[in-house]
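Student: Assemble the complex: chain X is given as a structure, and chain Y must be docked to it using the hints.
Chains as they are written, first to last, in numbering that gives the first Met the number 0: chain X, 0 to 87; chain Y, 0 to 87.
Check before you lean on any hint, since a few could be wrong.
[Stated by the list, open to error] Not close to chain Y: a few residues of chain X, all C-beta gaps over 12 Å, as computed: (1) 0; (2) 71; (3) 74; (4) 78; (5) 81.
[Stated by the list, open to error] Sample of chain X residues facing chain Y (criterion: CB under 7 Å; computed from the structure): (6) 36; (7) 39; (8) 49.
[To be verified] Computed from the model, here is a short list of chain Y residues facing chain X with C-beta under 7 Å: (9) 10; (10) 11; (11) 14; (12) 15; (13) 21; (14) 25; (15) 31; (16) 35; (17) 38; (18) 39; (19) 42; (20) 43; (21) 45.
Hint data in this document are derived by calculation from the structure and do not stem from the laboratory. Ideal Cβ positions, reconstructed from N, Cα and C, are used throughout, including at glycine.
2 protein chains.
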Amino acid sequence: MLSWTDILGIVAGICTTVSVIPQIRKAWKTKKVDDVSPFMFGILMLGVFLWVIYGITQNDIPIITTNGASLALNSFMLYLMVRFRKKK
Amino acid sequence: MLSWTDILGIVAGICTTVSVIPQIRKAWKTKKVDDVSPFMFGILMLGVFLWVIYGITQNDIPIITTNGASLALNSFMLYLMVRFRKKK
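Bound conformation, chain X alone:
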């Protein structure tokens, strides 16, 4: 049974996880990523990966699941950034 703090953590995690979806949608539609920083997504993915490991050590389900999903979504965004990057 989930406690209300578990639910709070899951809602928090859903927000931070899905936040990249509007960015993916925008990049997908416009095929433009010029103003988006690739370093942002690189560092973010490293961080999210470490959060998953941290969550495992704490046996903290909200941290593991939401950061795992974040990792997948951010990988896709990074792929779009490589794909739509303006040729120099």
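Tutor: This is chain Y only, laid out in the frame that chain X set:
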């Protein structure tokens, strides 16, 4: 005294927190945010705010401090987005 898992959480948090800095730097230098999704930062800030509350309920220092810093940095990025938004 910090345990190694505390340190892991702090490093994870530092990565996800500082990830927005290259984006802020890019927006600041180019004065362009056209390809960046404002919804991304809006939802992200709501999520980060909820993570702070969650961290308080769990008495989890890495979660509280890193998400608190994230909230400040993302607020600044959101300000830049409003400031540099292309007039319609």
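Student: Are there hints from earlier that the structure breaks, and if so, what are their numbers?
Tutor: none
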